[in-house]
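Residue numbers (my numbering), protein chains in the order written: chain P, -17 to 281; chain A, 157 to 285; chain V, 55 to 462.
Any given hint might turn out to be false.
Said to hold, decoys possible - Heads up, incomplete: computed chain P residues facing chain V, CB under 10 angstroms, no partners named: (1) ASP1; (2) ILE2; (3) THR10; (4) GLN93; (5) ARG197; (6) HIS198.
Hint data in this document are derived by calculation from the structure and do not stem from the laboratory.
On a predicted model such as this, the values are computed, not experimentally measured, just so you know.
Where a beta carbon is used, it is the ideal one built from N, C-alpha and C, also for glycine.
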Amino acid sequence: MCTNDDPDTNRTRERYASDILALQERLTFRTLATLPEVTYRVERADGLTTLGLRTDQLTTRHLLGMQGFRLAQYLRLGWVCSDAIASRAMFCEPTQALRDDDLHLVTLDGQGRILGYLGLAGVDGSLLMADPERAPFPVEVAHGVNLAEVVPALATTPSDQVRELKRFVHRRSMTDKLERLRVTVELLLAAGSVVLDMHEVRLLVGDVEEHVALRHLMIMGLETRLVEGTRPALEERHYLHHAYTERAAVRPFVADVPSAENLGRQLRLLEELLESPDPVASLRALVSDFGGNVERVAA
Amino acid sequence: MPVFQTKAQADELFGDLFRILAADPDFAGELERHRLTVALVHTKPDVTIYLAPGEVHVDEVPAPPVLTVKMSCDTAHALWAGKLLLPLAVATGKLRVRGSMAKVIEFAPLLHPAFDRYPDLAVAAGLAA
Amino acid sequence: MTMLQTPPVEMTAPTLYQLSPELQALRETVREFAVDVIRPRALANDQAPADHFDWDVVRAGHEIGLLRLVVPTAYGGLGLGELGVAVALEEIAAECAGTALIFGAAMLGQAPVLLSGDPQLQARFLPLFSGDDPVLACNAITEELAGCDLLIPESAEFATDVVTARREGDHYVLNGSKKFITNGRVAHYATTFANMEGEPGATGLTCFVVDLDSPGVVRGEVADKMGYRACLGTELHFTDVRVPEENVVGGEGAGFHINIAQMNMARAAVAAISTGIARGAFELAKAWCDERVQGGKRLREHQFSARKLAEMAAKVDASRMLYLRAAHLADNELPAPVYEPAVAKLFADRAAIEVTEDAMSLMGARGYVREHRMEKYLRDALGTRIYEGTPEVLALAITESLYDDEEW
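Here chain P stands alone, though its shape is the one from the complex (with noise of 0.2 angstroms):
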């Protein structure tokens, strides 16, 4: 599906995905930061605003803009197959499969382009997470894991207690690397902001490769189980299939949602960060002294 014999064909396909990149790149929402009600909202002098919006809080056309960056992102990071997205006409990420509490994470420019998105999604009931009728996490089918017979300690947590970090994207034309920085540390800050809000998460769960991702579980100061061993795989016509073919290992997470003391110490210091003369040292300083561990198990 991903590859086409036509030359012609593919030419078209590559087209198309250049034109929804190009669409996606126009596209600015400064209104996502005047809309009605909103979990969390952070302003920054220089103009930076980072938000949180449940999918509900969100009119159509603001979610299909954040669907629409999210499929932008990875289409330029390989991982999307431009023959899928032109045969199904997608230029978003599909909406149906979202529920009306899953939180969006966005920060925003001063002129309303989005810098970097990070969503925290659950699963439809509240059932125990080693209950055979619980609805699986997107991280666990794409993986073919039930993450609750590799780490027991998940297996006694109802499902509602339990979310699921995806898509960590920076607008990938931002290439200077202090404002990549500075959008990760305003997102995670509004990661950990709302957990500590919401009271009931205690756990997360998703997938991340090692050198890239991992990173930003220590940055919050998580304590990992890293589940060794999973051979993800999407089916070959679906759109993310490339997610697992063109990328190093990717392998799925459970960490736990610190004490409310703890995040709330971490997220200080994130907020610390920002103030630095020197953000990367800063960044060093803090997982040196307060960043999360890692524990690897096998699937």
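Take the given structure of chain P and dock chains A and V to it, following the hints.
For chains A and V alone, kept in the frame of chain P given last:
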């Protein structure tokens, strides 16, 4: 010469086409989401296909449809086979629609899988696609 | 004799006479925008140089959704039909017809993409209108010699500036010039009608979505118009402009049918603009006749003025009823009806000229002075009669429909 020699031939081919379409989860989901029900009224020979989320009825319209699409079986054959373009069919009056145009605009792109499937079905039914 | 039955409740309030709550809300929102944003700037925009364009008004209109009225909800739009468009445009035109046409022309630029039923084309262009920053589109038909009638082979053969297209591999190459293209100066893309080389006339007319930032596109002179000065009627020049094959709308040769379809759909909206112009002029005159005292009586108490006001009110109402009927039908029939939109436009265009002229005469010298805005209404009313069908073109369409007994 008309494409379809008998009503049974048209019943079977269009029935099969829309049963395949209705079984597609994307198509069914979109029908549900847009609350769309459609009657495709074919003439010469007369075949009516009624589509609702998860339902296909031949020559039976169980409830007033949101959209009614009327065309001859020959037009339908040319359309699904890709020989007649939808805007042309509409503009020349070969295909007529009654119902909310906003719904038509939502419905038209959903039909795309039908264009992919019909040629093979037509050939299997002994018709030149 | 059969007794007439009491009609069921839902039949006592047909949508033509009572808009749905959603459309009533839309009308209120657009009216507020027109009064608060457009009215204070209408005079300045009218008197500015011909190439002046007020992006702030467009931005404010976009904020309330005017550039995504007809864009399906699946692409972030409001998913409204012709009725919604017409109701909105009447409100805007009541303050400034030129501003109404900025939004109307953008929708006309979207129309071929909507009519195509092509999901890829729609996915590539329609979400553009869902962001916060306004994006405009335009519809490029008119040419120097062929005018709007691109189908007359003689015109195509002898015209030097006719826009032509030829296929080269997986692209088409466009050459030629368009004229009086509303939004051409400021639009992101133009749905452009071109004759396939060597095939002038109905069978060769093809519609392309052309990115106006493509190499070879030059946005030319802005016409210095008598009215409708808030919107820019621009020349568009195409020199070896390469357009990918997937930007063809509905396939090669579908241009004629797309043109007819969009025109029949657009006429109800243009009739609504005429209605808005007439209403705006009428409201100014009505207020004046209530205020002005002559011979010890207010003007409205003088029989001659009262008669004029009554005639004007009737014309505005009749225009509105006709465009509502036409828009309602256009929203519920495909192909769009020919007769009702043409009748609505023919009547409303003429009514707008008559009402603005009467309103001007009621206001006397004040009507002739720019600051009172009345002479602007008259200039705008004369413009509406030209686009999307002159009275002569409409008359032909109407008369042909009278003898057309084709049934559903």
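Next on the checklist: Given P/ARG197 as an interface hint, is its Cβ closer than 10 angstroms to any Cβ of chain V?
Outcome noted: Given a least distance of 32 angstroms, the restraint on P/ARG197 is violated.
Checklist entry - Can P/ILE2 be said to touch chain V, with a Cβ gap under 10 angstroms? => result This interface hint holds because 7 angstroms falls under the 10 angstroms limit.
Checklist entry - Given P/GLN93 was flagged as interface, is its beta-carbon under 10 angstroms from a beta-carbon of chain V? => result It holds, given that the least Cβ distance between P/GLN93 and chain V is near 8 angstroms, below 10 angstroms.
Checklist entry - When the nearest CB of chain V is found for P/THR10, is that gap smaller than 10 angstroms? => result Given a least distance of 5 angstroms, the restraint on P/THR10 holds.
Checklist entry - Is the interface hint for P/ASP1 satisfied, with its Cβ closer than 10 angstroms to some Cβ of chain V? => result holds, 5 angstroms
Next on the checklist: Min Cβ distance, P/HIS198 to chain V: is it shorter than 10 angstroms?
Outcome noted: Violated: closest Cβ of chain V sits about 28 angstroms from P/HIS198, beyond 10 angstroms.
Figure legend: structure checked against the earlier numbered hints; hints not met, in rising order: 5, 6.
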